[in-house]
Amino acid sequence: MSNKDDRPDMKRREFIGKTVLAAGAASVAPGVLLTVAKAGGESRGVSSDVRYGLLIDTNKCADDCTACVDACNRENGIDLVERPKGQSDDDWNAQRPQWIRKVQLKDKQTGEITNLPMMCQHCEFPPCVDVCPTGASFKRADGIVMVDRHTCIGCRYCMMACPYKARSFIHQNVAQQLVNAPRGKGCVESCNLCVHRIDAGDMTTACQEACEKDGHQAIVFGDLKDPDSKLAKLLKTKSSRQIRADLELNTGVRYTNV
Amino acid sequence: MKKTHYSELWCSSPRFWGGLTFLAFIILLGLGATYYMEHQGHWVTGMSNQVVWGLPHVFAIFMIVAASGALNVASIGSVFGGPMYKPLGRFSALLAIGLLAGGLMVLVLDLGRPDRLVVAMTTFNLKSIFTWNILLYTGFFVIVGLYIWTMIDRKVNKYYQVTGYLAFFWRLVLTTGTGSIFGFLVAREAYDAAILAPMFIIMSFSFGLAFFIITLISAYWWAGRTLGELRLAKLKHLLGVFVGAVLYFSMVYHLTNLYITQHHGVERFILLDGGVYSLMFWLGHVLIGSIIPLFLIYSPAFASSRFAIGAASVLVLMGGFLQLYVIVIGGQAFPMNMFPGKEVVTSEFLDGVVASYIPTTAEGLLGIAGIAVAMTMVAVGSRMLKVLPENLEDPKDLEHA
Amino acid sequence: MPRSTGIKRFAGMLMAGLFATLATSAQSDSVVTPGSKAAGMDTCVAPTAEMRRYHMEYLKHDRVETVRQGVRGLKNSLADCVDCHAAKDGNGGYLSINADGQFCDRCHNYMAVTLACFQCHRKTPADQDASSAKTSTGNQGHAFGLLLDRGESAALTAEERAQFQALVREE
Numbered sequence: 001m002s003n004k005d006d007r008p009d010m011k012r013r014e015f016i017g018k019t020v021l022a023a024g025a026a027s028v029a030p031g032v033l034l035t036v037a038k039a040g041g042e043s044r045g046v047s048s049d050v051r052y053g054l055l056i057d058t059n060k061c062a063d064d065c066t067a068c069v070d071a072c073n074r075e076n077g078i079d080l081v082e083r084p085k086g087q088s089d090d091d092w093n094a095q096r097p098q099w100i101r102k103v104q105l106k107d108k109q110t111g112e113i114t115n116l117p118m119m120c121q122h123c124e125f126p127p128c129v130d131v132c133p134t135g136a137s138f139k140r141a142d143g144i145v146m147v148d149r150h151t152c153i154g155c156r157y158c159m160m161a162c163p164y165k166a167r168s169f170i171h172q173n174v175a176q177q178l179v180n181a182p183r184g185k186g187c188v189e190s191c192n193l194c195v196h197r198i199d200a201g202d203m204t205t206a207c208q209e210a211c212e213k214d215g216h217q218a219i220v221f222g223d224l225k226d227p228d229s230k231l232a233k234l235l236k237t238k239s240s241r242q243i244r245a246d247l248e249l250n251t252g253v254r255y256t257n258v
Numbered sequence: 259m260k261k262t263h264y265s266e267l268w269c270s271s272p273r274f275w276g277g278l279t280f281l282a283f284i285i286l287l288g289l290g291a292t293y294y295m296e297h298q299g300h301w302v303t304g305m306s307n308q309v310v311w312g313l314p315h316v317f318a319i320f321m322i323v324a325a326s327g328a329l330n331v332a333s334i335g336s337v338f339g340g341p342m343y344k345p346l347g348r349f350s351a352l353l354a355i356g357l358l359a360g361g362l363m364v365l366v367l368d369l370g371r372p373d374r375l376v377v378a379m380t381t382f383n384l385k386s387i388f389t390w391n392i393l394l395y396t397g398f399f400v401i402v403g404l405y406i407w408t409m410i411d412r413k414v415n416k417y418y419q420v421t422g423y424l425a426f427f428w429r430l431v432l433t434t435g436t437g438s439i440f441g442f443l444v445a446r447e448a449y450d451a452a453i454l455a456p457m458f459i460i461m462s463f464s465f466g467l468a469f470f471i472i473t474l475i476s477a478y479w480w481a482g483r484t485l486g487e488l489r490l491a492k493l494k495h496l497l498g499v500f501v502g503a504v505l506y507f508s509m510v511y512h513l514t515n516l517y518i519t520q521h522h523g524v525e526r527f528i529l530l531d532g533g534v535y536s537l538m539f540w541l542g543h544v545l546i547g548s549i550i551p552l553f554l555i556y557s558p559a560f561a562s563s564r565f566a567i568g569a570a571s572v573l574v575l576m577g578g579f580l581q582l583y584v585i586v587i588g589g590q591a592f593p594m595n596m597f598p599g600k601e602v603v604t605s606e607f608l609d610g611v612v613a614s615y616i617p618t619t620a621e622g623l624l625g626i627a628g629i630a631v632a633m634t635m636v637a638v639g640s641r642m643l644k645v646l647p648e649n650l651e652d653p654k655d656l657e658h659a
Numbered sequence: 660m661p662r663s664t665g666i667k668r669f670a671g672m673l674m675a676g677l678f679a680t681l682a683t684s685a686q687s688d689s690v691v692t693p694g695s696k697a698a699g700m701d702t703c704v705a706p707t708a709e710m711r712r713y714h715m716e717y718l719k720h721d722r723v724e725t726v727r728q729g730v731r732g733l734k735n736s737l738a739d740c741v742d743c744h745a746a747k748d749g750n751g752g753y754l755s756i757n758a759d760g761q762f763c764d765r766c767h768n769y770m771a772v773t774l775a776c777f778q779c780h781r782k783t784p785a786d787q788d789a790s791s792a793k794t795s796t797g798n799q800g801h802a803f804g805l806l807l808d809r810g811e812s813a814a815l816t817a818e819e820r821a822q823f824q825a826l827v828r829e830e
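Chains as they are written, first to last, in our numbering: chain H, 1 to 258; chain E, 259 to 659; chain G, 660 to 830.
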């Protein structure tokens, strides 16, 4: 080497680097792409500093109201799923996708009536994630449990494992989808806490928004890890419970007055 | 003792090709049914968001469980040193491979996205029992394939014992894995029990042997070779022990559940008022699958009846199939108890009610095609390879047996 | 050590040049659907030849980021493909991008490659005033010189380089 010191010739290196980068990134190395957010890109990705969850006050959940269910169906394009020709009512009810559902309970002893919406409980230790053979069922860093449709093979083992029956399998061809809710025959899906809203910086889910708009305010959405969030404060002061707390799944969705 | 000669199964051509054509026809029907189900989507099946695994899964699990059991005869020959069983080892291994392939085919063709099989084979979540099973099944094919090789090829015969032990160990793990698919489901009351894994092992012993006896009798009849009474009697008595053991395990499983108040609901459902499921349990599993076969096996009246042996094996298979149906589908039909102490008044998602499941023809055709695939593999395999002894006449010097 | 690096670098350049030539030679007349938004634009998010070869890789890469890490608004977005390349049907609506003879179908059909995206994804541009279209923004393009527009020079500006280096350090 003719150079006196062993520092490489930066100019030369820069030149080569640029050329190779320009030509190489263009055509040689598609596998090693850089992540380049668009100029107006809103989101920098999830972080485990937050954990999203819901608190549902069943006392405020009204008898014949289905505002949350309707809003969810609209928001996530579930209302675009058409009923196949020739499918019976019973089959349609058992086979159509449902992310959130209204349940009315009656205490066997006291006769007390409770209304509540059921959806994916976004467990900290989700059984559906444990059993998924391909890892398509996963939990994001911010606690949202969802399905990566790209790797879901439709084995339905997660549906067998879920203690809340929160998941739906798509039993038919789907013609229409929304941009934010891809959906097609043969994969499993469930509530994802309106993940597209969260990623866009919105701090509301469709169900919560609808419930509030109807004046019930039975659903509170927020960050469980932020002690100043409305959700965390409510959870601290009110006694709430997890459904099937015996399984120790530490759900992200909690209920009061059940 | 006379040396055993093995040769390819060489029956008359029309009979062989006729049989194969029949099997191919069944497979074709099954593939047509699969195309229909995958093209339309699963709404044309009886499966739903409530009962997510249906008839194809019962067929698949039935065959996978039987596959590991079918290998038992070979294991008894090599691991436990039973000379009467040793000549049957090759055929036993072939049947095991065939049944596993048939079962897996059904499982794969029922996926929502069978086209993504490559994803399943390349993307693993090692915490999933399912993933383990994928690895266990693949390993089973390899190990049992090697096992057959060591049995057939004199050059590698010195590894026979080692592979025999390995195969035996592997088949135990495999059935444990299959049983654990259900045993690890904490969510459902019917499944959350560790006893399911050993119970599946003993079920595999019983179903596998029944399958073995039926195929062995058919193969020897097909080829017009002789099959000794004594050897069949040995197999028969072994089957009797296994059938009794399954019944015992089943009893223990339900008795422990009956002790746990939380599980009274599901037990009442399976044993008493589950309608078709209770019927299948008592009539199918207990009567057809256990008591009648035990009678056929142990009653002196049928001591030398080859028909009784065949009938007992068929009944064991039928009863076993229904037993699995009750476990797989009955367990899902019973509503999950999400709100203890509460009853569900209304739900849009059928919470708190027994889910209905009515299997469709297409599902059945797919399942039967799986069995046809297994039988085809066995037929072609025994025609191409030297797996069956030319003569299974009872040995003259019985002291050695 | 420096010597071997030099050889590697040389080989790399050679390969890059080779591929660049190949990529250019694959370029031909425009297949962009007349009347679509894309027809009125200079270039896609990367040169046409490159998009033809690697669009699936780009989409795959960014889909993992989006689904798993929640990074939205990335450069390569399927929704943007649809927004730009879908043809109007003449009644104020759009034709499905994967319909017979449409942008995606024409090539995929010719190459006999299964197009799986639209088994689940939306096939027409989202209704702009629908609330559901919140995160689908217009194509703002890329600021990096790595993926060049036609006629742009290969040099990185100082600003771009700083941005790039910051990104690399982050990784």
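A few of these clues could be false.
Said to hold, decoys possible - 30 Å max Cα-Cα, derived DSBU-like pairs, lysine-lysine:
no.	chain 1	residue 1	chain 2	residue 2
1	G	Lys782	H	Lys85
2	H	Lys85	H	Lys238
3	G	Lys719	E	Lys385
4	G	Lys719	H	Lys139
5	H	Lys139	H	Lys238
6	G	Lys782	G	Lys747
7	H	Lys225	E	Lys416
8	E	Lys385	H	Lys139
9	G	Lys696	G	Lys782
10	H	Lys139	G	Lys747
11	H	Lys225	H	Lys60
Said to hold, decoys possible - Listed next, the stretches of chain E that the computed footprint assigns to chain H, with coverage defined by at least 3 CB atoms under 8 Å from CB atoms of chain H:
no.	segment
12	341-354
13	420-427
14	453-466
15	480-492
16	529-543
To be verified - Here are the simulated distance ranges between beta carbons:
no.	chain 1	residue 1	chain 2	residue 2	range
17	H	Glu124	E	Arg526	18 to 24 Å
18	E	Trp540	H	Asn257	52 to 58 Å
19	H	Glu124	E	Ile453	36 to 42 Å
20	E	Gly599	H	Ala62	37 to 43 Å
Hint data in this document are derived by calculation from the structure and do not stem from the laboratory. Note that CB positions come from ideal geometry on N, CA and C, so glycine has one too.
Hint-by-hint comparison with the structure:
With a CA separation close to 23 Å, the supplied pair Lys782(G) and Lys85(H) stays within the 30 Å bound. At roughly 48 Å between alpha-carbon atoms, Lys85(H) and Lys238(H) are farther apart than 30 Å, so this suggested pair is violated. At most 30 Å may separate the alpha-carbon atoms for a hinted pair to count; Lys719(G) and Lys385(E) meet this at roughly 25 Å. A C-alpha spacing of about 20 Å is found between Lys719(G) and Lys139(H), which places the hinted pair at or below 30 Å, so the restraint holds.
Of the supplied pair hints, the one linking Lys139(H) and Lys238(H) holds, its CA atoms being roughly 27 Å apart against a limit of 30 Å. Straight-line distance between C-alpha atoms of Lys782(G) and Lys747(G) comes to about 12 Å, which keeps the hinted pair within the 30 Å bound. The hinted pair formed by Lys225(H) and Lys416(E) fails the criterion: a straight-line CA distance of about 63 Å is larger than 30 Å. At roughly 14 Å between alpha-carbon atoms, Lys385(E) and Lys139(H) fall within 30 Å of each other, so this suggested pair holds.
For the hint linking Lys696(G) to Lys782(G), the alpha-carbon distance of about 15 Å falls within 30 Å, and the restraint holds. For the hint pairing Lys139(H) with Lys747(G), the CA-to-CA distance comes to about 39 Å; that exceeds 30 Å, so the pair is violated. With a C-alpha separation of about 25 Å, the suggested pair Lys225(H) and Lys60(H) falls inside the 30 Å cut-off, and the hint holds. Coverage of the segment 341-354 of chain E by chain H is violated in this model, with 0 residues showing a Cβ closer than 8 Å to a Cβ of that chain against a need of three.
Coverage of the segment 420-427 of chain E by chain H is violated in this model, with 0 residues showing a Cβ closer than 8 Å to a Cβ of that chain against a need of three. Beta-carbon proximity to chain H at under 8 Å applies to 0 residues in the segment 453-466 of chain E; the threshold of 3 is not reached and the given coverage is violated. Restraint check on the segment 480-492 of chain E versus chain H: 0 residues with Cβ-Cβ distances below 8 Å, three needed, restraint violated. Counting residues of the segment 529-543 of chain E whose CB lies closer than 8 Å to any CB of chain H gives 0, which falls below the minimum of 3, so the coverage claim is violated.
The hint said 18 to 24 Å for the Cβ distance between Glu124(H) and Arg526(E), and at roughly 34 Å that hint is violated. A C-beta distance of roughly 43 Å is found between Trp540(E) and Asn257(H), which places it outside the suggested range of 52 to 58 Å. Here the CB-CB span from Glu124(H) to Ile453(E) is close to 29 Å, at odds with the stated 36 to 42 Å. For Gly599(E) paired with Ala62(H), a C-beta distance near 23 Å fails the hint of 37 to 43 Å.
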